[in-house]
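Student: Each chain, written out:
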Amino acid sequence: MMDVRSFAVIATVVFGIGVYGALARRHAIAVIIAIELMLNAAVLNFVSFSRLAAPGSAVSGQVFAVFIITVAAAEAIVALALVLALHRALKTARLDRFNMLKW
Amino acid sequence: MNGFMQAVDWSVFRDEGILLAALGVMLAVDLVRPRGRPSPSGWILLAGSVLALLAGVLRPVPDASLWDGAYVVDALARYFKALFLLALALATLASFRYMQAKAWRGEFNLMLGVSTVGMMLLVGAGDLVSLFVSLELVSISLYVAASLARDEVTSQEAGLKYLLVGAFSTALFIFGMSFVYAGCGSTSLAAIRAAIGTGPGHPLAVAGVVLMLAGLGFKIAAVPFHMWAPDVYQGGPTPMVAFASVASKAAGFAIMIRLLVGTMAGLSGVWIPLLCVMAVATMTVGSFAAIPQTNIRRLLAYSSIAQAGYVLIGIVAGTPRGVSAVLFYLLVYLFTNLAAFISVLIVSRHAGNDEIASYAGLAQRSPLLALAFMLALLSLAGIPPLGGFVGKLYLFASAMEVSTRLLWLVVVGATLSIVSLFYYLMVIRQMYIEAPREPGAIPVGPAATIALLCCIAGMVVTGIWPNGVLDLTIAVAGPLVGH
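Chains A and B, in that order, give the protein sequences.
The first sequence begins at 120 in my numbering and counts up one residue at a time.
The second sequence begins at 838 in my numbering and counts up one residue at a time.
What the hints contain is simulated information worked out from the structure, not anything from laboratory work.
Please read all numbers here as calculations on a predicted model, not as lab measurements.
Note that the Cβ used here is the ideal one computed from N, Cα and C, for glycine as well.
A couple of the hints might just be wrong.
Derived contacts from chain A toward chain B, CB cut-off under 10 Å, selection only [claimed, not checked]:
# : residue
1 : Ala141
2 : Gly175
3 : Leu214
Produce the entire structure from the sequences given, and follow the hints as far as they go.
Tutor: Dropping the structure here:
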């Protein structure tokens, strides 16, 4: 019998790695990947909880997981398009070079 | 499955449908429009939003609940839908002349419209799934709108920063939702309210609420999730900034009311202290960071951060009075901040920059603009007899009523209002006392004049005769609290 706690711990570790990456990395693509990790940790949580913690409404957790995957794809597309446009103009994708606006 | 579809009464989505139909017409017309002909997309968006607004106000959609409460229509949803549509109509009306020469206005108007549809669905969401999806519909279309000014790289930089911070806080928000789901065993808000009850709450649900506060904090630009606001306000296209600064912020407060006050009142021991800290930090950082700004948009960005802090006081109170004060203030804030941004839109376009020094002698160059901007700044500072004064008074009074323990919050708020008066008066001094740097009048188009007059009327009416609107907001807030 799998324990719900072990899934939650793994998801939290993945989420933590994502938070660290999003805050510490300076390359736009690396930050986007880190945010994807955070979203995937939430997906993992929803899927494992739907089985182990909330059997009464298992479907809504699984539906939520599918929606997160879809929305994350949409978000990544907009993000990558913007990185591409900025790279074309500035010849870099490092966030610390995007400083035309005062931080 | 068939019965699932047949049982749905689609007339519940009438107002969203009107706006969506307008967006469809807009796409079709832009597609078949011959090259070189001006795009009518602004007019179509304006017509759609005004029609939906009139339909919603004159013939309100009756209360309804679809798909086991995943989508609901209630007084709160109707109030906020009218507010979003009003913001969209005024922002569109004011930006006709600005958008005239822009090649990207079709896409831009579409994104603003889609974002509004998302907000209208968001305030009706009664389930974490529908709440998340409509929230992302709002956010992603605003990210695109912020970065659409292809002629300026700063717009894309603003868009990317908005998106990265936004996606980060979305991730916190849904990670928190997953714990609430585990702790309460459901994603439906009604079931979550029942599971939380009045007890101390499942530890997982408590952890979830804390994470979700971060996501909400981003939407309303509360400290420490405010860093995107000055950059987006400075770099984004002005009509988008004007719209997002009022509508997106109102949407954030709408889900705060529904989630925290309406659903998680049982966990108020967790979120009230956190919101108190957030409110004080937001008011303080917003007020003091605005002082050294030389760019009018960054100044307004920090001012709107501080305003979010004041509104949080009403949420902290959590009573029907507190919620109605929030609703009232958001309406006043709509007229006030739109008046400010419409003035910025016109002056910046004329001057070619956003420096506060460009506003020198505005009273001589365009009396209407200077008057509208001055009234907006005074209303933001909370000077009678404008709406901002009544709104702030009502927010502070609602907190005092709950308990004297919130008195310190009110004292901080009132003190920082005086600090904020300092930088608002600096701008007014430029407009009314300094001599103009450049000669010549600044022309204001007829559409923008109408929008400005609507905003001025809104600020003055809510300030002098607030009773009608106050009664309305109390009627909206009453049934939400105390289930």
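Student: May I ask which of the numbered hints given earlier this structure violates, with the numbers listed in increasing order?
Tutor: none
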